[in-house]
Amino acid sequence: MLLQVARADSTPQTMTAVPDKPAAPDFALQDADRVLHRLSKQRGKAVLVNFWATWCPPCRREMPSMQRAWKKLQGGNFEMYAVNVGEDEDTIFGFTFSTGVELTFPILLDRDAHIIKAWPVVALPTSFVIDPQGRIVYRAVGGREWDDPQLLRQIRELMDNK
Amino acid sequence: MLSRHVLAGVIAICMMPALPLFGAESVHTTDPDTGIESWEIHTQNVSLRLTQILPDQVRGFYSARGFDAESVELLATGACVFQTIFRNESAKRAIEFNLADWRVLTAKGEQPLRLERDWQQEWAKRRVSASARTAFRFALYPTEHRYEIGDWNMGMTTYALPLGSRFDLRFVWRENGKRREAVLYGVRCAEETTK
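For the record, the sequence lines run as chains A and B.
Counting from 1, one number per residue, gives the positions in the first sequence under our numbering.
Counting from 1001, one number per residue, gives the positions in the second sequence under our numbering.
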């Protein structure tokens, strides 16, 4: 299955600008350690919000690249939330151990799939980049290589415009 | 001046139903380890790949997501299921699609895919849990979507055909408001054991 999605590596990595930059729906979700994260508290930062599930091959495939992007951008005006849809801590732990990569960005649990309903998500994975003013500025449907220079440049431009 | 025969030929061509203009070939591959088969086509700035999902894989996946045994069996043997990847490969334009426009072509004629909304009605009747239905919603390929440049996705598509059936799939999308279509030929539903 991973062979099928590997093709994403060789294609240009893009995000699409979202017209009118709608306000990002707020959420407050716990991570696997039961720490609460509220999106609206991240004003002043660029935020990557990724909706995913462990059973979704392209979601799994893009996680290591999200970790690499996190390492490059964390410490600046940047936050990353990987919002798991509909699964529990045990399932997520099982997945994170299997990746062979330590995922250090917050993985949040939308266990009842309530939060995702407020977002324009049709399929998993779908990712959004939120600007420091709390607006959705980019969208990406399907997996990406998040440490791609072009994607990092687009996020850094937002980080610089706090 | 056109002869009568040439004129008749021109009229006949003009009256023919619209056919795919691009003769891209479907590529068929078989995994040497599992025997699972895939079909893929790249045409007109999109690509489509279908990969068989074995009934046992369907059983395992949906049992783990809270479906009862009877509902799982309905999915595993009452339809054929394919892992589906559809990509916008255009560097210039977005595309839109609606799986309700896609058609299964067999010797008996054509029929639509079995869509998520059809299944959800069944799950409601069977009182399948909300969490299982949510998992189902996101596991199936979305019925309608718009793909911007670089967008793609993977999910299951389902077909109301007996296991082992052969069919062609006419898939349809819109680019810049214009209808495009192509055919993925010779697809075969998985059987209980493929190899």
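Treat the hints as calculated values from the structure; they're not laboratory data.
Among the clues, some could well be false.
To be verified - Calculated lysine to any residue pairs in the SDA-like style (CA-CA distance at most 20 Å, straight line):
| # | chain 1 | residue 1 | chain 2 | residue 2 |
| --- | --- | --- | --- | --- |
| 1 | A | K117 | B | S1131 |
| 2 | B | K1092 | A | K117 |
| 3 | A | K117 | B | R1174 |
| 4 | A | K117 | B | Q1120 |
Results for each hint:
In summary, the hint linking K117/A to S1131/B is supported, as the alpha carbons are separated by about 13 Å, within the 20 Å threshold. Between the alpha carbons of K1092/B and K117/A the distance comes to roughly 30 Å, so the proposed pair goes past 20 Å and is violated. For the suggested pair K117/A and R1174/B, the alpha carbons sit about 26 Å apart, so the restraint of at most 20 Å is broken. Taking the CA atoms of K117/A and Q1120/B, the gap is near 17 Å; set against the 20 Å cutoff, the hint holds.
The structure is inconsistent with the numbered hints 2 and 3, although it conforms to all the rest.
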